[in-house]
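Colleague: As a plain string of letters, each chain reads:
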Amino acid sequence: MIRLFWRDITLAFRSGGGFGLGLGFFLILVTLVPFGVGPNGEMLSAIAPGILWVGALLACLLSLDRIFALDFEDGSLDLLATAPIPLEGVVAMKAFAHWITTGLPLVIAAPALGLLLHLDSAAYRWLIVTLLIGTPALSFIGAFGAALTVGLKRGGLLLSLLVLPLYIPTLIFGAEVVRRGAGGFLVGTPLAMQAGITAGAVALLPFAAAAAIRVALR
Amino acid sequence: MPVLEGLSFTVSPGEILVLRGPNGVGKTTLLRTLARLQPPYAGTVEAAPDAVAYAAHADGLKATLTVTENLAFWAGVYGGHDIAPALRDFNLEALRDRPAGNLSAGQKRRLGLARLMVTGRPVWVLDEPTVSLDVASVELFAKAVKAHVDGGGAAVIATHIHLGFEETVFDVTPYKARHDVIRNDFDESFL
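Sequence order for the protein chains is A and B. In terms of UniProt numbering, the first sequence has 137 at position 137, counting the first letter as 1, and numbering is strictly consecutive. In terms of UniProt numbering, the second sequence has 51 at position 51, counting the first letter as 1, and numbering is strictly consecutive.
Hints listed in this document are in silico derivations from the structure and should not be mistaken for laboratory results. One or more hints might be untrue.
[Stated by the list, open to error] One side only, chain A facing chain B, incomplete, derived with CB under 10 Å:
#	residue
1	R7
2	S15
3	E73
4	S76
5	A81
6	A83
[Stated by the list, open to error] SDA-like mimics (lysine to any residue), calculated; alpha carbons at most 20 Å apart, straight line:
#	chain 1	residue 1	chain 2	residue 2
7	B	K146	B	P85
8	B	K108	A	G75
9	B	K108	A	L70
10	B	K176	B	N23
11	B	K108	B	R98
12	B	K143	B	L17
13	A	K153	B	A58
14	B	K108	A	F72
15	B	K146	B	V131
16	A	K153	B	H57
17	B	K143	B	P13
18	B	K108	A	D74
19	B	K176	B	L7
20	B	K108	A	E73
21	B	K176	B	V25
22	B	K143	B	G14
23	B	K143	B	Q107
Here the structure is a predicted model, which is why all the values come from computation and not from measurement. In this text, a Cβ means the ideal position worked out from N, Cα and C, and glycines have one as well.
Bound conformation, chain B alone (with noise of 0.2 Å):
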């Protein structure tokens, strides 16, 4: 079932798009899709796939490894970029031994949001990344986007606080698919 439809922007390098609407409006599925984690159902996705970095809800880490290796595997598997600027702006320099497991719900995030840097991926595409984390982490991460798309990147991130850069603001809720008119048009003459 679509869930918005005759939707469509642009993101120019240095920019950064901010998704707003009410829960459940469909801002998630629309970043999977941005993602290429599911195809749309109709219409294309310009982004070539292997400039998108996405991080969700879910940070990917796993409990039992260290916060270094963590970030070290991601390095790794986004061919070797330099883990210290990621653990240095997101604060993590301190924690970088323990385990992940062990770290707090925000902790956690800031991790999760150091994995981006490390992708070396122009375009970022974030769901919800301010969740749990405090003031202090928040400017933490503005100032990484900011970093981010000063240096030609750009950034797509539903959210529903305000993050103190200059952002282009997308509301998605005109968007929305209206199944009332589908299901109208079912003709039961047939029966």
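Chain A extracted, bound-state conformation (with noise of 0.2 Å):
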């Protein structure tokens, strides 16, 4: 299973992999909003939190629809169901791979977008943390979206549709964390419920994509 991680990460890198496609969508954006709102350094500070984590999350949502349809495209994952590792197994490693090539670069240049945004210091400890806890879920959910869409020509729109909506549970406690981390009030109860959100995506999700696949193989 290590190997599959592997590969994908490796294909990522390489030309065509799309590593980069996610950050460089979540630079641009974050470095518009100042453009387009104004230099109100206050009203800035006040909208970071948000544009941020929306930032973030449509990055992620940008290269979903790689996770598996390449692999379907080429036969791959045919391979894959008939390979001696659970079906299961492949999706998770490949939804870990997402995050390590999609979600930890945004975590990583979070913080010095921060700063174009005017966010308050007091949250930046609270950005970094809530988008390390919260960038799994997206890449966990994403692949299950992925896996019901694998099938499907043109199932970009379909899968944006059908992930959108489960996204928005980790985008409004991920922002809440850091506007209340702003405001130096308590994070506790957001962060827990941002934590299980990703803990249950990360266990239960992997079952559900796996099954999804197996139909879209038949």
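Now that you have both chains on their own, put them together as the hints suggest.
Modeller: Put into structure tokens, the structure is as follows:
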């Protein structure tokens, strides 16, 4: 299984692998917001947590259809389904590799971009923590959506429609923690809720996604 | 909708079973059922799921990985078999550092078939394995299959050409499911 993880990482970094796609989108979006909203520092710092989280979420969404569609097209998914590793493990490894190549770069880039948005200095810590806790949920929920739409040509739109509602709780709690952190309030409850969503997604969705793939391969 | 019905066969170790039948009769469906990619409507497949190695039209190669990397990945997935004999038998040694995306169609096919050797599984289920192979490569492939079954393996192959070894031919055409009969079974009196 670890082989599959390294293969996906290698593929992402090779030409045309899509590494940097989400990160580039995130950078562009967050850089453009101050130009659009204007140089009012107070306004920017008020909307910063929301912008950063929405940006991270959309950046993640951008590369979701690659998780299974490429393997489906070239026949790898058929071969993986008949290989001695469980399909649930395949899903989990591919979602994890997606997080490493998409989610983790966002976590690393977000503090620098917080600076552009006048993010309150007390909130940086919570921005990193929530992105670190929340983005794995985005990858695993996204892998489930990608598995549901894997056999469809141009399934990208349907994938977005399926996945976005499932992303909303992560977004709400993530941005809420950052906002509370900026104001110096207690962050325990939303943070625990967000961690719970991630834990649930990581534990359960590989099984649902594997079931969806088995149906798609018939 | 069932495509084939009433069909039954056994393949013993050392045997090669060649499936024949016109396009669209259900050979691929049968092979995918053998590989457990889809369940049969009725009946059973006796071969254990971890005994079957499946190869189809799509070779499952990654264009940006080299020949060695592609093969080593599958070898790793199947428990770390040596890839050197597979590279040798399919004449891929000179291409080992070439990205799979730069290979010709026939070379890709050879790499896809070399994957079977690193699975270490006894039953090869092959769907049109000789597509885009030249005469020399077909010989290489036939030799590899021969060596596999001589070593106690078995193979089920859907193909339209003669591969030049002793084989049992199984024509699936007579087992085509007859949908017209099924349709006539509907009783419209309830309308």
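Colleague: Holds or violated: are the alpha carbons of K143(B) and Q107(B) at most 20 Å from each other?
Modeller: holds (17 Å)
Colleague: Mind checking the alpha carbons of K108(B) and D74(A) for me, to see if they're no more than 20 Å apart?
Modeller: holds (12 Å)
Colleague: Quickly compare the C-alpha distance for K108(B) and E73(A) to 20 Å and report which way the hint goes.
Modeller: holds (15 Å)
Colleague: A closest beta-carbon separation below 10 Å is what the hint needs, so does A83(A) meet it against chain B?
Modeller: Status holds, d = 5 Å.
Colleague: If you draw a straight line from the CA of K176(B) to the CA of N23(B), is it 20 Å or shorter?
Modeller: Between K176(B) and N23(B) the Cα gap is close to 12 Å, so the pair holds against 20 Å.
Colleague: Check the hint pairing K108(B) with L70(A) against an upper bound of 20 Å on the C-alpha distance.
Modeller: Since the Cα atoms of K108(B) and L70(A) sit roughly 17 Å apart, the hinted pair holds (cutoff 20 Å).
Colleague: Tell me if S76(A) is really an interface residue toward chain B, meaning its C-beta lies closer than 10 Å to one of theirs.
Modeller: This hint holds: S76(A) lies near chain B, its Cβ roughly 4 Å from the closest one there, short of 10 Å.
Colleague: CA of K153(A) to CA of A58(B), is that 20 Å or under?
Modeller: holds (17 Å)
Colleague: Can you verify the interface hint for R7(A): is its Cβ closer than 10 Å to any Cβ in chain B?
Modeller: holds (5 Å)
Colleague: For the pair supplied as a hint, K143(B) and G14(B), confirm whether the alpha-carbon distance does not exceed 20 Å.
Modeller: holds (14 Å)
Colleague: Mind checking the alpha carbons of K108(B) and G75(A) for me, to see if they're no more than 20 Å apart?
Modeller: holds (13 Å)
Colleague: Between K108(B) and R98(B), is the straight-line Cα distance small enough, at 20 Å or below?
Modeller: Measuring from Cα to Cα gives roughly 11 Å; hence the hint holds.
The structure fails none of the hints (numbered hints given earlier).
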